[in-house]
Amino acid sequence: MMEVIGLNADVTIQQSLFYILTTLLPIMVIAATPLVLASTGELIVEKSGVLNLGVEGMMVMGAVIGFITAVETGTPVAGFILAAVAGGLLALIFGFLTQVLLSNQVATGLALTLFGLGLAALMGQTYTGIRPPQTARIDIPFVSDAPVLGQMLFSYDWIVYFALALVGAVWWFLNRTRAGLVLRAVGENHDAAHALGYRVIAIRLAAIAFGGACAGMGGAYLSLVRVPQWSEGMTAGIGWIALAIVVFASWKPGRVIIGAWLFGGVTILQLNIQAANLNVLGIAAIVLAVVTIGMIALNLRSMTAKNWIRVAFLGALALLSWAMALTWPAFRLDSAYLSMTPYLMTIVVLVAISGDRTRAALNAPASLGRVFHASS
Amino acid sequence: MKLLKTLGLATALTLATGGVMAQSDDPLSVGFIYVGPIGDFGWSYQHEQGRLAIEEHFGDAVETTYIESVPEGDSERVIRRMAQDGTDLIFTTSFGYMTPTLRVAGQFPETMFEHATGYQRADNVSVYSGRFYEGRTVQGILAGHMTESNVIGYIASFPIPEVIRGINAAYLAAKSVNPDVEFKIVWVSTWFDPAKEADAANALIEQGADVIMQHTDSTAPMTIAEATWDNLGEDETGIYAFGQASDMLEFGPNARLSSIIDNWNPYYIERVQAVMDGTWESADSWHGIGQGTTTIGAFNINIPEDVAAEAQAALDAIAAGELHPFTGPVNKQDGSVWLAEGETADDGTLLGMNFYVEGIEGAIPN
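Those protein sequence lines, which keep their order, are chains A and B.
Just so you know, we're using the UniProt record's numbering here: the first sequence kicks off at 1 and counts up by one.
Just so you know, we're using the UniProt record's numbering here: the second sequence kicks off at 1 and counts up by one.
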């Protein structure tokens, strides 16, 4: 049994840091992985100008198909692959309805969620009470066993690294390739892209299928790694959070990771703060201190006055929270407030986007959700 | 004026058809609203068993419907639609449906409502629940004996009296057999979210808990506990857990110590019969182990004989009405006296319970 390490007044800073880095951080990364996958997929979809609200339905489909495949074949890899295929196929139903038959994207997306939840429940009926084969962890000799860093960076299953690599690939695709430029053009102005000879509908269908595949893999991660079991309706709203993260990230791949860690991490944090009786203020102080040091380290060569002010502000905040943590060691933040923060931040971003001038700055694809017909 | 006339005509027609319906052989329509999916293998699953029992018992004389995964915040719309569809008797099966049920009931005085685990009634709204805390006493005895780390993890949903009652009953029982026992409580603010419940179980295990209790609806915590039984060395044991609302044995053949099983079938059949006989009236039903509403699942074979016997004795005493889970002396968390020596808690206090008993650490969230 693990030693109980909380950030109480009688626990040293080193121990607290150790706990956060080796225990909390890895769980937060795992909790964020389904969100990273689903949000990255939806980001590509929205970048092509399509709003697919059926993420929840595609995720739950991936969860059930991935689970069934992994149980039947005994190989989780096959589960993840078929989950991606299933998510992609379900997304193509949405694609056919919205792109070819020109149905309303919002209504069709909502219907896709309901359809996915129902179909998954039906398919998974005989698969309750079974546990799937374990997904392989990356185990590098010596490195994975290294204290702190090994647990922080090299203790995950391969999907975690795959998801991060995917985000990098999507960034590279969107910003550094011609195909990515075409995709963005379709999302910004489909009529212009059409006039230039690009096949708007085909490009959008491909983006929709990619989004579905990512969501399917994210769902499979829930049923194969995080829980691990199949249970009806097990996504329990995570698809909607993935949608919110895309907006929160203002359609930028790098920020998707931050959003997913924030949304996934806060859930984990509030559970662990309760279980470990952690001091919230102390944690805030440590996080702020880490961010401050990180900022200095990253900008060491080009520290402008503005950056120094930021660093000084963050450092002061860190010191202030630490002083408060020492003054009120018994301070407890009601967990409800902590669960609210990601949603509050999403609301702030949404409000900012609704103002037209900031909309462009925030990167929203101009044709998002608009119907395209070649004749118009 | 014309509109008023039309409305009046419509009302008259409705009343007339309603009158005809009561006399004809039309099947009685019974509806259910569930907070989770029927396949949660916990709370909602068990209510669904009750609905199926009604179908089997009454055959063609009833027509049942259900709507699953209805969020508490959005339930009024769903309940109203069910009432508008002409459902005669509606069971709303989650605590958070209380106010919505009462609101809709006010608008549909001819429809009969049954609200589970609430405390507010109306002429056409009954409340019913189980004395789950009696089962928590049995669980507490088992947990107090079986824990080696003396840390028991408790996954709690919402800070409502029913959940707090369960925590207190389990703690008092565990403490009575193991004075060193400590409870770690995590509030997850949901009834059904497998991923979050699994994370909570992991967080508790990480903090040293080796027995997990849950007051949420999914089987995820049981699955997490069962996973710790893989690849164990000799003489090692994994994490234990309890089935909640349903038996959950297939989810934790090694991990499951016992379970609290809600058996709604007799009550549901009785209430539907009452509507058919025309004897239905607003009532308050709160039965426990003695009446069979709360049943206890078989004990894990790994439990030592004397421990199982002790838990069984408590179970029998509660069933016979000889033992009350809340018997003094019991103090509140702040040290003030709640129950004097030999005094037992009255139902009023239990129904409104908003405090921890002495010895439990932490605060109840608002």
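Misleading hints may appear alongside valid ones.
Stated by the list, open to error - Here are some chain B residues pointing at chain A (derived, C-beta under 8 Å):
id, residue
1, 37
2, 175
3, 182
4, 195
5, 198
6, 229
7, 297
8, 301
9, 305
10, 306
11, 307
12, 308
Unchecked claim - Now the stretches of chain B that chain A is said to cover, found in silico as 3 or more residues with beta-carbon under 8 Å:
id, segment
13, 100-106
14, 122-131
15, 263-275
Claimed, not checked - If you only want the chain A side, here are some residues facing chain B, beta carbon under 7 Å, derived:
id, residue
16, 222
17, 236
18, 274
19, 373
20, 375
If you are wondering where the hints come from, they were derived from the structure by calculation, not from laboratory data.
Every value quoted in this text rests on a predicted model; they were computed, and no experiment measured them.
Where a beta carbon is used, it is the ideal one built from N, C-alpha and C, also for glycine.
Each hint, compared with the structure:
no., hint, in the structure
1, 37, "holds, 4 Å"
2, 175, "violated, 19 Å"
3, 182, "violated, 10 Å"
4, 195, "holds, 5 Å"
5, 198, "holds, 5 Å"
6, 229, "violated, 10 Å"
7, 297, "violated, 15 Å"
8, 301, "violated, 19 Å"
9, 305, "violated, 26 Å"
10, 306, "violated, 25 Å"
11, 307, "violated, 21 Å"
12, 308, "violated, 24 Å"
13, 100-106, "violated (count 0)"
14, 122-131, "violated (count 0)"
15, 263-275, "violated (count 0)"
16, 222, "holds, 6 Å"
17, 236, "holds, 4 Å"
18, 274, "holds, 5 Å"
19, 373, "violated, 35 Å"
20, 375, "violated, 40 Å"
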